[in-house]
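Trainee: Residue numbers (numbering that gives the first Met the number 0), protein chains in the order written: chain A, 0 to 332; chain B, 0 to 213; chain C, 0 to 208; chain D, 0 to 441.
Derived from the structure by calculation, the hints contain no laboratory data. Do not take every clue at face value.
Claimed, not checked - In silico lysine to aspartate or glutamate, DMTMM-like type, Cα no more than 20 Å apart, as pairs:
1) K22/C x D13/A
2) K127/D x D56/A
3) K325/D x D130/A
4) K155/C x E389/D
Listed below are the residues making up each chain.
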Amino acid sequence: MSAVSKWEKMLNLDRRWIFLAIGIASIVPFLIGFGMPISTTAEVESIFDYVNGLDKDNAIFIGFDYAPGTQAENTPMGVAVLRHAFHNNVPVFITAYQPLGHGMALGALEYVTNPAIPGFYQSVSFEEWADLREAGITDKDELIASWESDGNALPEGAKGWVFEGRDFAMLGYAPVFSLVILGMTASIENQFPQDANGNPLIEMPMLREHKSLREVDLAFTTSGSSACRSWIVYGREKIGLPVAFGVTAVMATDYYPYIQSGQIIGQMGGLRGAAEYEVLLFENGITETTDKAFTGMDVQSAAHLLIILLIVMGNIAFFAGGFHKKTALKGRG
Amino acid sequence: MKRTVPLMIVMVGGILMMVQYFIPHQYSQAVFTNYTQWAPIVGAFALILGVGSLTRVHSHKIRRKTKNWQYSWAVLIPLYGMPFLAIIWPQSLAGGMDSPSIFHFFFMHIQVPIQSTMFSLLAFYIASAAFRAFRAKSALATILLLAAVIVMIGQVPIGEIFGRWLPETGLWILRYPNLAAKRAIMLGVGFGILATNLKIIFGVERNWLGGAGK
Amino acid sequence: MYETIGIWVGAFFTLAIYSFLYKENPIYRLAEHLVVGISLGYTMAITYDITLKPRLIEPLLSGNHWILLVPAVLGILYITRFIPGIAWLSRYPIAFLMGTAMGVSFPLTLKTDVLRQLEAAMQPFYMSGMPWHEIFGNIVMIFGTLAALIYFFFSKPHKGLFFGTGSKIGIWVIMLGFGATFGFTVMGRISLLIGRIQYLLGDWLHLIE
Amino acid sequence: MRKNWIGIPALMILLLLPALSVAQGVDENLTPVDDNLSTVVTEDSIAATLTELQPVAEEQLEEPDPGLDVSGAITVLDKDNDAGDQLLVSFELPADTEGIYAYNVYRRIAGEEGEDAWNLVEVIPADKLPEFIDGYDPDYPISPGVLYEYRIASVTVDDEEFFGSICKAEVVPEGEIYHTGKTRVLIAGGLFMFLIFYYFGKAQKGTKMYLRPIAGIQAIDEAIGRATEMGKPILYVPGLSYIEDVATIASLTILGRVAKKIAQYQTPLMVPNRDPIVYTIADEVVKQAYLEAGRPDAYDPDSVFFLTTSQFAFVAGVNGLMMREKPATNFYLGMFWAESLLLAETGSLSGAIQIAGTDAVTQLPFFITTCDYTLIGEELYAASAYLGREPKQIGAVKGQDACKAIIMGFITLALALAIIDIAAGTHTLDWVRQVITMPIVD
Numbered sequence: 000m001s002a003v004s005k006w007e008k009m010l011n012l013d014r015r016w017i018f019l020a021i022g023i024a025s026i027v028p029f030l031i032g033f034g035m036p037i038s039t040t041a042e043v044e045s046i047f048d049y050v051n052g053l054d055k056d057n058a059i060f061i062g063f064d065y066a067p068g069t070q071a072e073n074t075p076m077g078v079a080v081l082r083h084a085f086h087n088n089v090p091v092f093i094t095a096y097q098p099l100g101h102g103m104a105l106g107a108l109e110y111v112t113n114p115a116i117p118g119f120y121q122s123v124s125f126e127e128w129a130d131l132r133e134a135g136i137t138d139k140d141e142l143i144a145s146w147e148s149d150g151n152a153l154p155e156g157a158k159g160w161v162f163e164g165r166d167f168a169m170l171g172y173a174p175v176f177s178l179v180i181l182g183m184t185a186s187i188e189n190q191f192p193q194d195a196n197g198n199p200l201i202e203m204p205m206l207r208e209h210k211s212l213r214e215v216d217l218a219f220t221t222s223g224s225s226a227c228r229s230w231i232v233y234g235r236e237k238i239g240l241p242v243a244f245g246v247t248a249v250m251a252t253d254y255y256p257y258i259q260s261g262q263i264i265g266q267m268g269g270l271r272g273a274a275e276y277e278v279l280l281f282e283n284g285i286t287e288t289t290d291k292a293f294t295g296m297d298v299q300s301a302a303h304l305l306i307i308l309l310i311v312m313g314n315i316a317f318f319a320g321g322f323h324k325k326t327a328l329k330g331r332g
Numbered sequence: 000m001k002r003t004v005p006l007m008i009v010m011v012g013g014i015l016m017m018v019q020y021f022i023p024h025q026y027s028q029a030v031f032t033n034y035t036q037w038a039p040i041v042g043a044f045a046l047i048l049g050v051g052s053l054t055r056v057h058s059h060k061i062r063r064k065t066k067n068w069q070y071s072w073a074v075l076i077p078l079y080g081m082p083f084l085a086i087i088w089p090q091s092l093a094g095g096m097d098s099p100s101i102f103h104f105f106f107m108h109i110q111v112p113i114q115s116t117m118f119s120l121l122a123f124y125i126a127s128a129a130f131r132a133f134r135a136k137s138a139l140a141t142i143l144l145l146a147a148v149i150v151m152i153g154q155v156p157i158g159e160i161f162g163r164w165l166p167e168t169g170l171w172i173l174r175y176p177n178l179a180a181k182r183a184i185m186l187g188v189g190f191g192i193l194a195t196n197l198k199i200i201f202g203v204e205r206n207w208l209g210g211a212g213k
Numbered sequence: 000m001y002e003t004i005g006i007w008v009g010a011f012f013t014l015a016i017y018s019f020l021y022k023e024n025p026i027y028r029l030a031e032h033l034v035v036g037i038s039l040g041y042t043m044a045i046t047y048d049i050t051l052k053p054r055l056i057e058p059l060l061s062g063n064h065w066i067l068l069v070p071a072v073l074g075i076l077y078i079t080r081f082i083p084g085i086a087w088l089s090r091y092p093i094a095f096l097m098g099t100a101m102g103v104s105f106p107l108t109l110k111t112d113v114l115r116q117l118e119a120a121m122q123p124f125y126m127s128g129m130p131w132h133e134i135f136g137n138i139v140m141i142f143g144t145l146a147a148l149i150y151f152f153f154s155k156p157h158k159g160l161f162f163g164t165g166s167k168i169g170i171w172v173i174m175l176g177f178g179a180t181f182g183f184t185v186m187g188r189i190s191l192l193i194g195r196i197q198y199l200l201g202d203w204l205h206l207i208e
Numbered sequence: 000m001r002k003n004w005i006g007i008p009a010l011m012i013l014l015l016l017p018a019l020s021v022a023q024g025v026d027e028n029l030t031p032v033d034d035n036l037s038t039v040v041t042e043d044s045i046a047a048t049l050t051e052l053q054p055v056a057e058e059q060l061e062e063p064d065p066g067l068d069v070s071g072a073i074t075v076l077d078k079d080n081d082a083g084d085q086l087l088v089s090f091e092l093p094a095d096t097e098g099i100y101a102y103n104v105y106r107r108i109a110g111e112e113g114e115d116a117w118n119l120v121e122v123i124p125a126d127k128l129p130e131f132i133d134g135y136d137p138d139y140p141i142s143p144g145v146l147y148e149y150r151i152a153s154v155t156v157d158d159e160e161f162f163g164s165i166c167k168a169e170v171v172p173e174g175e176i177y178h179t180g181k182t183r184v185l186i187a188g189g190l191f192m193f194l195i196f197y198y199f200g201k202a203q204k205g206t207k208m209y210l211r212p213i214a215g216i217q218a219i220d221e222a223i224g225r226a227t228e229m230g231k232p233i234l235y236v237p238g239l240s241y242i243e244d245v246a247t248i249a250s251l252t253i254l255g256r257v258a259k260k261i262a263q264y265q266t267p268l269m270v271p272n273r274d275p276i277v278y279t280i281a282d283e284v285v286k287q288a289y290l291e292a293g294r295p296d297a298y299d300p301d302s303v304f305f306l307t308t309s310q311f312a313f314v315a316g317v318n319g320l321m322m323r324e325k326p327a328t329n330f331y332l333g334m335f336w337a338e339s340l341l342l343a344e345t346g347s348l349s350g351a352i353q354i355a356g357t358d359a360v361t362q363l364p365f366f367i368t369t370c371d372y373t374l375i376g377e378e379l380y381a382a383s384a385y386l387g388r389e390p391k392q393i394g395a396v397k398g399q400d401a402c403k404a405i406i407m408g409f410i411t412l413a414l415a416l417a418i419i420d421i422a423a424g425t426h427t428l429d430w431v432r433q434v435i436t437m438p439i440v441d
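Chain A with its partners taken away, still in its complex shape (with noise of 0.2 Å):
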């Protein structure tokens, strides 16, 4: 009787202590700093070789479509691929499918154009560039070289020059997001007359180049939830829009079938994923360091280990403790 006291005793820890040993999990390797390396899996290098292939000729769509609750695994992904097409010059569309991820998706172009943080992309906003976009010049190096003439000069640590208009256009969220797509294929302007930042679409020289999704070369999602099944059902059945995704870890097992039967070009699931994209941008010479995916896996094997430990050891207390004869069921399966 009193072994199995001592079982119960262990199993009924106050759970207060088990958050503490997490806490403490997810924080230790941060201070420490491991830099475990992290290998690619065809699934996210599928979606790295595709982007890559692409240039200032193509154009791309990132939607945000997640709310705050998940921004931790999503936002990495869209930075990563956001960076990615800034690197190669491929113009870029950024929609949200929920209102929630209007805000996210400002926070990440933010994010990708903040002086204060390394590797940035130094934005030029769709006003001050008027007068070069009047005089009909949109060529992105013809951009560069007569916006750089006028007396510009790249900030120290910028990686480059990106035109609102030219290399992005926020057009952020619209209510019935499927519907929206499906509009999309016939004209993006129809559905976005103006940007989020009141910007008409029309004298965008992305759009000029890129009227509706017939002539974009990728949607890439980072979703919480099914919304990124739209961009698969309205856009890619329709007109063969191409489509990759970049998930939460809960969501990815479950589009493993979308992407065996080809539906999109590769998947990345959850942070993990994330980590991967950005070793690759590293490894490409695309960026100088990883980011904030990467190092958040050094905690996730600590966090991963600690859980396993943790079921093991319930495991061996429920069975030495005899707790699985109480609730036996004759039913069970």
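Here the structure of chain A is known, so what remains is to put chains B, C and D in place on it, guided by the hints.
Mentor: Only chains B, C and D this time, still in chain A's reference frame:
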């Protein structure tokens, strides 16, 4: 009027859009284009339901002074304050570094931290459940836990220390057996959704009518 | 300055939520209520700015899109939900959106989730040059899909070679799939915690990069 | 339930469409994959409806510079399966392509005059095929029934244009009334509708249909018995979702059955609710069950109660209940989110027998590892159909089963063909796959 008309609207709308899919003709496309313009407008008004019921619940609490009624102000004030801020300061909606605003501040520095932290609480709960509840009580639960452990170690860098076979096995589980299970579920769920669609369109399933009086 | 205050406020609310792990308390409750109000308030403002203004109000004011009054009136009917006696009128916009959405999604769901999946399930399991683990994987995939479908088949008892063995293999495959989901869910939850710790230790305290 | 007949006209409308398309003279059934996206116009289709265009001599604009040759005849075809807003345009390459960087394709409405009427609708690089689909550009749409004229300019690297002759299209764009690329979806959709409504009708007529017993149901009965023996209450959580959710509806059906059994044994029951509407319905269900069991006197009005709408507060409330009342059996049936973990953890600590059931795939693993029995996904619906014997539910389960059987048949067929192909070196599977593969069309 109360039940028949909505049921008719559902049926006519549903059949129309279904048939429309198969007709590329310009008249059919015109119907569809109109619909894509109308639906977001109608859909935008659906917010009224959420705002209305939230207002009702919390003003009720404040009036009745039920337990913890003071907190209801913490719901109602930002609920109406946010749109008000947006109206008096419209350009602030775009947010960004260039135009810091109270509106943007509330979202980025209150909403985002709270919501992401609430979700991260689950990390703690999962750890506690790992110790106290996840049991290999049956053969099936044992397979599940084993697969979970392999995938968990395989997905993190430390897994490579045990050798390449571990992450590879994890990926193999993901790519084949997992895919098979998820495809079967996807097909089953797909049929379920389709059957529900049909039932609603043809008025067999009417639960959605509930909650607005007979 | 703006950023600094923002990060301090954010850190305060982050800790407020974590205080719940120790014990429920008034600051947690305040944060919990605030988030409900702010998210809906934000949604209202964004919806007005991005949908109603450019798609309804501006075209109406420009004077030649009177037809848009139809969806507007339909939308406004939602308000009747809160007026006893005519609450049933709010069923009209719901019926419009639901009926049409289901009509639109029916053929598309059929195509994406059923026919395309069938197509992909019918791929040959062997092609010359495939490594053995891929061939084995493909065979597992085909039999696994079949078996899992048998498990969810309710018109026949799970007895005999086909249905009995099939459903047993099916549930094993399903369990492997759930194991993967389990592992990934744990990973996802930890990732969210990592995000917050990066915020607290990095953005706020500058202890890490 | 007179609504049943409504399916028939709808089905007829859908089935009429292919007939119409046949009347249109389109052979759609086994056409090889026609991908509308590809801008490749096959030689055959051009030959079929070739419209040689006569150069309009008097409108010859300028003599081409001898340095750059211009393209020859332009061919314009109406595109199939469109809304009359697309044309297939192709042209003959110049004999001498020396120095040509690209071709600018201009279009105007026939009969319009002046240079302003011309719109540049496409630029084709010299190394691409000289054909494209006109009408995708939202700025220069094509209207059905309008006659257009085209002309093509050869362009040098320096953007100098050398115009060819103007050609008038002989076809006008027209919309079609049936999309031939969607026949497979139509057949599948029609078949699905037929099966669902067929089993629906059958169930409604009262035909007895077999549903296999589900192991979970036995576990439910046993768990109720266990609670009775111990003299402890039973906790039943009907999910955290709303009444629209199929899982909630299924859960309420099972609740009726559980409550009936409980009424016979006179075991205390607790049903906490998160949604007010679900609460009212759950209350009615339990009351009705006690009445049917002949024990209306034993019904306790406080057994079904509304807790709170906030997700985590609801969990805290239920967990408190579990620790105080120590129920012998916990049922979690319906729709759950992240709270599944918290509920089941507390329940397992309190030593209760736990039976769960949900269609939320991401929560199922947690239920399976923490509960004694779990109804997985569709098993929940099937269990409710089995217990409720409601024609609506049984018909749906049977109809979906029939569809699954078809899917299984196809997969088995593919497997068999794959084996035959390996053994005999044939390509039968490829052929079958080509028949079922749907093109991407809009």
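Trainee: For every hint, state whether the structure bears it out.
Mentor: Going through the hints against the structure:
Of the supplied pair hints, the one linking K22/C and D13/A holds, its CA atoms being roughly 12 Å apart against a limit of 20 Å. Proposed proximity of K127/D and D56/A is supported: the alpha carbons are some 16 Å apart, at most 20 Å. Proposed proximity of K325/D and D130/A is contradicted: the alpha carbons are some 75 Å apart, above 20 Å. A threshold of 20 Å between alpha carbons decides the hint, and for K155/C with E389/D the separation of about 19 Å falls inside it, so the pair holds.
Against the hints set out earlier in the document, a violation occurs for number 3 only.
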